[in-house]
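Student: Single-letter residue listing:
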Amino acid sequence: MRLHPLTSLAAAGSTAAITTAAASLPLSLAVMGAAVVLSARGGTARRLLPAAAAVLLPLGLSLLVMHGLFFPEGRTVLAQWGVARVTAEGLVFALERTAQLGAVVLALLAFSFSVSVPDLVAVLSSRGVHGRFAFVLASTLTLLPAITSRVERIRQAQESRGLVVRRGLHRAAAFRLQAVPLVLSLIEDAGTRTAALEARGFSNPGPRTSYRDVPDPILQRVLRAVLLGAAAAAVAARLLLTPAGS
Amino acid sequence: MSPSLTLPAPAPAAARKRRLLEILGAAAIAATYIYLVLNQPADITGGPGSASALIALSGFLVGAILLIVAVLPALPASTVVLIPVALVLNIVLGQFVGSTLVPFYLDAIGTVLIAVLAGPAAGAATGALSSIVWSFFNPTVLPFAAGAALIGCLAGLAARHGMFRRFYLAPVAGFVTGIIGGVVSAPVAAFVFGGTSGVATGAIVSAFRSMGDTLLAAITKQALISDPMDKAIVFTVVAVLAYALPRRARLQYPFVRRHRVLAGTSPEQGS
Amino acid sequence: MSTTHSTQTQPILSAGIRSFTYFGDDASVLEGIDLNLVPGTFTAILGASGSGKSTLGRLLSGWLPPRTGGTLRGFLELAGTRLDFGGDREPRINPAEWGRQVGFVPQDPAAVLTTVRATVAEELAFGLENAAMERPAMKAAVERTAALLGLMELLERNPASLSGGQLRRLAIGCAIIAGPRVLIMDEPFASLDSAGTAGLARLLQDLLKLGTAVVVLSQVVDTPLLDAGTWVVLENGGVTGNGTPAELQAGSGLLPPGIRASGGEPAPAGDHPGAVHADTLLPRSGAGVPALELRGVSFGYSAGGKEAQPRNMRRRDLGGKAAGSGLVLQGINVRIQSGEILAVTGPNGAGKSTLLRHLNGLLRPTEGSVLVHGRDIAGVPPGEAARSVGLLFQQPRDQLFERTALREVRFGLDRLFHPDEAPSRAMEALSAVGLAEAAHTHPAELPASGQRLLALATVLARKPSVLALDEPTVALDGGGLALLDAAVRSAAGEGAAVVLVSHDLDYARAAAHRVVMLDGGRLDG
Chain A
1 MRLHPLTSLA
11 AAGSTAAITT
21 AAASLPLSLA
31 VMGAAVVLSA
41 RGGTARRLLP
51 AAAAVLLPLG
61 LSLLVMHGLF
71 FPEGRTVLAQ
81 WGVARVTAEG
91 LVFALERTAQ
101 LGAVVLALLA
111 FSFSVSVPDL
121 VAVLSSRGVH
131 GRFAFVLAST
141 LTLLPAITSR
151 VERIRQAQES
161 RGLVVRRGLH
171 RAAAFRLQAV
181 PLVLSLIEDA
191 GTRTAALEAR
201 GFSNPGPRTS
211 YRDVPDPILQ
221 RVLRAVLLGA
231 AAAAVAARLL
241 LTPAGS
Chain B
247 MSPSLTLPAP
257 APAAARKRRL
267 LEILGAAAIA
277 ATYIYLVLNQ
287 PADITGGPGS
297 ASALIALSGF
307 LVGAILLIVA
317 VLPALPASTV
327 VLIPVALVLN
337 IVLGQFVGST
347 LVPFYLDAIG
357 TVLIAVLAGP
367 AAGAATGALS
377 SIVWSFFNPT
387 VLPFAAGAAL
397 IGCLAGLAAR
407 HGMFRRFYLA
417 PVAGFVTGII
427 GGVVSAPVAA
437 FVFGGTSGVA
447 TGAIVSAFRS
457 MGDTLLAAIT
467 KQALISDPMD
477 KAIVFTVVAV
487 LAYALPRRAR
497 LQYPFVRRHR
507 VLAGTSPEQG
517 S
Chain C
518 MSTTHSTQTQ
528 PILSAGIRSF
538 TYFGDDASVL
548 EGIDLNLVPG
558 TFTAILGASG
568 SGKSTLGRLL
578 SGWLPPRTGG
588 TLRGFLELAG
598 TRLDFGGDRE
608 PRINPAEWGR
618 QVGFVPQDPA
628 AVLTTVRATV
638 AEELAFGLEN
648 AAMERPAMKA
658 AVERTAALLG
668 LMELLERNPA
678 SLSGGQLRRL
688 AIGCAIIAGP
698 RVLIMDEPFA
708 SLDSAGTAGL
718 ARLLQDLLKL
728 GTAVVVLSQV
738 VDTPLLDAGT
748 WVVLENGGVT
758 GNGTPAELQA
768 GSGLLPPGIR
778 ASGGEPAPAG
788 DHPGAVHADT
798 LLPRSGAGVP
808 ALELRGVSFG
818 YSAGGKEAQP
828 RNMRRRDLGG
838 KAAGSGLVLQ
848 GINVRIQSGE
858 ILAVTGPNGA
868 GKSTLLRHLN
878 GLLRPTEGSV
888 LVHGRDIAGV
898 PPGEAARSVG
908 LLFQQPRDQL
918 FERTALREVR
928 FGLDRLFHPD
938 EAPSRAMEAL
948 SAVGLAEAAH
958 THPAELPASG
968 QRLLALATVL
978 ARKPSVLALD
988 EPTVALDGGG
998 LALLDAAVRS
1008 AAGEGAAVVL
1018 VSHDLDYARA
1028 AAHRVVMLDG
1038 GRLDG
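Residue numbers (the numbering used here), protein chains in the order written: chain A, 1 to 246; chain B, 247 to 517; chain C, 518 to 1042.
These aren't lab readings, by the way, just hints derived from the structure by calculation. Hints may contain errors.
What the hints assert, rightly or not - Derived, one-sided and incomplete: chain C residues facing chain B with beta-carbon distance under 8 angstroms:
hint: 1; residue: Tyr539
hint: 2; residue: Gly541
hint: 3; residue: Ala544
hint: 4; residue: Ser545
hint: 5; residue: Ile610
hint: 6; residue: Trp615
hint: 7; residue: Ala648
Said to hold, decoys possible - Examples of chain A residues toward chain B, derived with CB under 8 angstroms:
hint: 8; residue: Thr20
hint: 9; residue: Arg46
hint: 10; residue: Leu49
hint: 11; residue: Ala51
hint: 12; residue: Leu63
hint: 13; residue: Val65
hint: 14; residue: Gln80
hint: 15; residue: Val83
hint: 16; residue: Val105
hint: 17; residue: Leu109
hint: 18; residue: Arg132
hint: 19; residue: Phe135
hint: 20; residue: Val136
hint: 21; residue: Leu137
hint: 22; residue: Leu239
What the hints assert, rightly or not - Chain C regions said to be covered by chain A (calculated; three or more residues, Cβ under 8 angstroms):
hint: 23; segment: 577-584
hint: 24; segment: 618-626
hint: 25; segment: 649-656
hint: 26; segment: 972-980
hint: 27; segment: 1002-1014
C-beta atoms are modelled at their ideal positions from N, C-alpha and C, and glycine is treated no differently.
This is chain A alone, in the form it adopts within the complex (with noise of 0.2 angstroms):
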């Protein structure tokens, strides 16, 4: 079964909402598991764990360094040099929250990385308010890859020019050369984009339709509903559990 943009979306929110709110180790690990299983099955996991490391790695060594060797509540001391104290408590904590944000960040690149974005602007489109925000996501996505390129061109310009752009020149120097061309000519074009969206309507206030058609069955319907409810009760259990203040 094709899963429906927004289903695909609603799960992975309500994994991650579900994840932080339960707040268990063995949770977030089930739920890291999981996600890296779904995508591997997708055949996206040789896109989503390189990006899922970039984003992890650095986040888990900050924390293990910061809270391994300094966590000044910790009681169980396991070692220690000058100011440094590895204590139990701080491990722990660390692994917790790398466990947690982990099982956030996997379930949510699972989603961005199997979603087809033209469905998802589609969807979006389609539905009133949503039109912008589509707008902008979609061609955020496209213009990433295009202004790599453009950097490229530019650099190749320059250097034809006769500035050595990689080595010589002051690296705040290199910077301004090659940003002041790529500034100039993205809103140079912005503004084109503009008048060109403008002619085609793109501010029409009336309602839409849309040339992709993305089916939408009334079971993802049912379980989408499904799936929020779950997210709104599990947060509202944790916060009326914990009692306030602590």
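Chain A is already provided as a structure; the job is to place chains B and C on it using the hints.
Tutor: This is chains B and C only, laid out in the frame that chain A set:
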């Protein structure tokens, strides 16, 4: 057919509804911050810590989303089309700097650029959208949406009051913006992450922790070291970029014309 | 001439522009323009770069609504609705409704893409979606338009992967899918080779038969414009001539020198602004080391060609592939002496730009070597090679970053010459391309032709011994081309070897001592 070739004047009722949403969004962010700081939940480093994480997350996110809903539909198309460009600048530079060992972020250049060209409301929406869209590849930036919106809003206000007319004022405005932005974002880092996401910033927090500070205090102090410098740099870079724009390109933005944001641009002619 | 004045002579779009001034400018860009566009007629608006053509086109099409970019005094009348501007209660144009009746295709077709649609079909449908057209009707409209433009095979492709010519057709499709009664195109023939030009001309005839009023803005009298019913000549923002092509054509003295004759229209060599009198300027032949030599250069992307920067290079920027072998260049041998001007021609996608990028090491040959003054440049970074090889790309805005034209040319000269010498050299280079008066203008505010000349000046100021130019005729008006030719000739006269790459064979023949043809990755001639 004939009357539709021109646009009607904007309706005041819609503007009032949007104003209400803006106020609600700002109130949600402010209330969340005040609650978190006043309550100083002891469970940051003690218990599972998820209640305060949830409050920080949902309060700031709801506020940011309300701001987007209030501002985005009212922005002129020229600004909406520019927002993706700003987000790309934010993301490309932010990813790059985040991967180095510099205790800065430089992930707000696009946001501040929009704020200077199109005003505080557009800046706030851009900041919030930047975090949300960026979370597509890096979900950890999502909780900072409210802080990013605040930066955009403050940058717009600074531009409106002439802080970009003198070249030396831009870093000063950035410095002040950074102080406010850093203080507001610190609870997110503390409650949601239990730390910071970068290695360099993490080292600074560790240093304060080794002196016995609470996590929130340590992260707030770290933010007060990193953020003002970071924003001073960002504002300076944006000033360089804005003055490199040809006059015609700058003046196509009504905000720049009306408030004489940049030196050397004459105020709006005629209307 | 196929334009027939049908029974319908009521104009669909009229304009009476007393003046238009951009915000912040002191002088107006347009003044005293009266235009009437009748359905089924073909109008060419001819003017040099900077004459105000593009501004006029964008005003007529609602792409530059008065009040958002500048101040208009005068009126626009579309389909019987007259809007007066310059009074107290200015009307605000509704660009969407205006766009349904007036389509516009700007110079850079890539800039009209929404960037949010994943296929050509959806890109075409964007305007219809916003008008809430039902899906079946939308599909029919997309297919009809695609068939008209020859885009049927590309409907499922990603718009970002299209070539320049395909992009232009897509941009036209986006403009005409809603069935506008007026179509305005800005420089549609620039950078199209002869096959592309002929295809576009056929399309224009189809649209005329359907009753569309077609307007082409151009600084070159391209062959298809000879079929126009009316020519309007624009000079410095005002109309200086209005009549049939026969009345205004070359020889009548009514066309300003800034408007170039097309390459396709054989003009006597002496009249061509780029004509070199070969006998007077023949280089000292033979003896000595050639300034530039390519020895058996082959290059292929898929064949593991050593690109200097393998990442991020989009193939479509670099011309197509040679059929079959996967090699873009195959065994290229060529020698260029000091003082010689060599032109490389060939159709779009023949690999011309790829060849050019080998001259300073931006691309490295898979096989063979490139020698500058007898020295192999393998391993020399492009920025170093640029000391002797000045290479100029089509897009000037990629290399301009300073606030004034003078600072732009001066940049980095201090390190090449004595610091006291740099300012005078910069001014000299600016004068050589006719930009001395624009020394303090922002580069981005120069007209397209001026930007290319400024980029040329930045290269000339460094006195390279090899000068390589990519498509010099694109974006240059007549005056600009004459300046470029003079600058190139004087550089050659001082001993520089010059390589011109152009799809325009007639221009190449007129401007160079020697013409070689690049096709399918091989060099003939």
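Student: So which of those numbered hints doesn't the model satisfy?
Tutor: 3, 4, 7, 9, 10, 14, 27
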